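Going by the numbering used here, the sequence shown opens with residue 7, and the numbers climb by one from there.
To be clear, the hints were calculated from the coordinates, so they are not data collected in a lab.
All values reported here derive from a predicted model rather than from experimental measurement.
Beta carbons are placed, not taken as given, at the ideal position from N, Cα and C, and that holds for glycine.
Wrong hints could be hidden among the right ones.
[Stated by the list, open to error] Quick list of in silico lysine-lysine cross-link-like pairs, BS3-like style, CA-CA up to 25 Å:
hint : residue 1 : residue 2
1    : LYS517    : LYS27
2    : LYS190    : LYS180
3    : LYS25     : LYS520
4    : LYS384    : LYS27
[As the list claims (entries may be wrong)] Quick list of simulated restraints, FRET-style, between CB atoms:
hint : residue 1 : residue 2 : range
5    : GLY182    : ALA334    : 21 to 29 Å
6    : LEU278    : ALA316    : 36 to 44 Å
7    : LEU217    : GLY279    : 24 to 32 Å
8    : VAL43     : TRP357    : 25 to 33 Å
9    : LEU238    : GLY391    : 44 to 52 Å
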Amino acid sequence: MYALLALLPIFAALFLMSKFKVSPPVSLLLALAGTAVLGCGVWGMRVLYVTEVSLLGVLKSLDIILIIYGAILLLNILQRTGALESINRSFSQISEDRRIQLIVIAWLFSGFIEGAAGFGAAAALAAPLLAGLGFPAFAAVAVSLICNTMPVTFGAVGTPVLTVGSALSGNLEKAGVPVAEFMKEVVTESAGIFAISGTFIPLIAVAFLVLSSSKEKVRRMRSILEIVPFCLFSGAAYTVPWYLTARFLGPELPSMLGVVVGLPIVILAIRLGFLVPRHVWGFQKGATAVPPPRFARHEIPVWRAWTPYAVIALVLVLTRLEVLPFRAFLNSFGRLEIREIPGLPGIGFSWAVFNNPGVFPFLFVALGAAFWFGLGRKELLELCGKAGKQILSASIAIAASVAMVQIMVFSDVNTSNLPGMLTTVAEATASLMGGAYPLAAPLIGVLGTFFSGSCTVSSILFVSIQYDTARLLELPSAAIVALQLVGGGAGSMIRISGVVAACATVGLSGKEGKLILLCCIPTLILVLLALGAAWILYL
Numbered sequence: 007m008y009a010l011l012a013l014l015p016i017f018a019a020l021f022l023m024s025k026f027k028v029s030p031p032v033s034l035l036l037a038l039a040g041t042a043v044l045g046c047g048v049w050g051m052r053v054l055y056v057t058e059v060s061l062l063g064v065l066k067s068l069d070i071i072l073i074i075y076g077a078i079l080l081l082n083i084l085q086r087t088g089a090l091e092s093i094n095r096s097f098s099q100i101s102e103d104r105r106i107q108l109i110v111i112a113w114l115f116s117g118f119i120e121g122a123a124g125f126g127a128a129a130a131l132a133a134p135l136l137a138g139l140g141f142p143a144f145a146a147v148a149v150s151l152i153c154n155t156m157p158v159t160f161g162a163v164g165t166p167v168l169t170v171g172s173a174l175s176g177n178l179e180k181a182g183v184p185v186a187e188f189m190k191e192v193v194t195e196s197a198g199i200f201a202i203s204g205t206f207i208p209l210i211a212v213a214f215l216v217l218s219s220s221k222e223k224v225r226r227m228r229s230i231l232e233i234v235p236f237c238l239f240s241g242a243a244y245t246v247p248w249y250l251t252a253r254f255l256g257p258e259l260p261s262m263l264g265v266v267v268g269l270p271i272v273i274l275a276i277r278l279g280f281l282v283p284r285h286v287w288g289f290q291k292g293a294t295a296v297p298p299p300r301f302a303r304h305e306i307p308v309w310r311a312w313t314p315y316a317v318i319a320l321v322l323v324l325t326r327l328e329v330l331p332f333r334a335f336l337n338s339f340g341r342l343e344i345r346e347i348p349g350l351p352g353i354g355f356s357w358a359v360f361n362n363p364g365v366f367p368f369l370f371v372a373l374g375a376a377f378w379f380g381l382g383r384k385e386l387l388e389l390c391g392k393a394g395k396q397i398l399s400a401s402i403a404i405a406a407s408v409a410m411v412q413i414m415v416f417s418d419v420n421t422s423n424l425p426g427m428l429t430t431v432a433e434a435t436a437s438l439m440g441g442a443y444p445l446a447a448p449l450i451g452v453l454g455t456f457f458s459g460s461c462t463v464s465s466i467l468f469v470s471i472q473y474d475t476a477r478l479l480e481l482p483s484a485a486i487v488a489l490q491l492v493g494g495g496a497g498s499m500i501r502i503s504g505v506v507a508a509c510a511t512v513g514l515s516g517k518e519g520k521l522i523l524l525c526c527i528p529t530l531i532l533v534l535l536a537l538g539a540a541w542i543l544y545l
């Protein structure tokens, strides 16, 4: 009964979002209030204590919110100045084969945008670009969503993984586990699982495209089989550097550097005809396309348009390599620290402001890009305000989620002599699932992303429960947390808010339900591949 009570606010929030279409901020604020009421009324936590741990959660969420703001601001500047359109235009001349256009744009270019901006920006950009090249609107959105899964795990400069570190810090400290070492293990295992399963994503997307767009049964099966080698090659061209970057540089860079390395390799293979089918596959007559929105006032050379992202990638590499002094300098410079929060003995808050990717390099590069592309001060201020409005909803949702989790983490300090909320839930789940729990771990991540619209929020809601359950069942806790992240990434192709946003970009409103139902199939395939990879590697 106590386990159901502890989960009631989370389930209520998910129910409100899915059944009654209540916005995530409102739903999660209500969930926060419900958790606070349970903490005080059932678990016997002091009101002041609940207030203080909630504020601690809000402080921890600032790191995540700043990353989102910096990434979205830069994206807005590139879009307003026409730099993003120049980048997009360069892809249309690579190949006439629609399957290859899908791989280059929805798999590779979209992966870079997800790594840099995250939060649905990649699919919302890739879908209108594909539609403008002649893809039917439905197919353009579907394949953009399918491909926007693996990069999500380390998207927005590693925000989902960095969130896990913040959400689990209390659990890990109580268990005497070093946070940095555990998160390094989680990053490596997440990358290993998705490096294997994610290699098949281009093939899954191409198969979906061909099966949904062609009526000739014999030709469509041949169209899939003949491009299998190129799909797997393109998958590996991204996933191998993606994995190596995650393992040796951390979670901020994989989704971007995977494209920086993989895209030139794939383009070279296309130019040389390596593994490229002789048959050029296209759409049947009558397919309609929706032109992408145009923002450019003047054409910007491609090399110049890519400059901001190149600078970001370079700066992130230099500041993440432990052998260089830059990381230590950023950690010490401009540091805000509260050694002990009043009323919370032994609990403090530390924040290295300039080590936050949203501040440095994103905000600095965004301001430099405005100058580089000749954006006026008035327009820059307008875009700063626009970015603030764009992230307001997500910021409230994230702050409320982190605060709610902090109440659950510290609910073991109570007058009712009850175990903490998370321990109670973990014990009930362990008793119910037993050794079969790893099968449920990625599905929990999928459902969290589906309802909340964010892999980040999904992790905030469920990662503490996943971790505690794994410890109770004596399962590899890092592998279970990694499966939560992988499931959260896979669930991105069916998240309600992402599907709605992508459909809106190509004028496909009204088809969201059908799209989600169809995308459940590739979601399940990807989860099964991830479970197989996890079983081989870590379970």
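Do the hints match the structure? See the list:
1. LYS517 with LYS27: holds (16 Å)
2. LYS190 with LYS180: holds (18 Å)
3. LYS25 with LYS520: holds (17 Å)
4. LYS384 with LYS27: violated (36 Å)
5. GLY182 with ALA334: 21 to 29 Å: Between GLY182 and ALA334, where Cβ atoms are some 25 Å apart, the hint holds.
6. LEU278 with ALA316: 36 to 44 Å: The hint (36 to 44 Å, Cβ to Cβ) is violated, given that LEU278 and ALA316 are roughly 25 Å apart.
7. LEU217 with GLY279: 24 to 32 Å: holds (26 Å)
8. VAL43 with TRP357: 25 to 33 Å: Cβ of VAL43 to Cβ of TRP357: about 29 Å, so the range 25 to 33 Å holds.
9. LEU238 with GLY391: 44 to 52 Å: holds (45 Å)
The structure fails hints 4, 6 (numbered hints given earlier, in ascending order).
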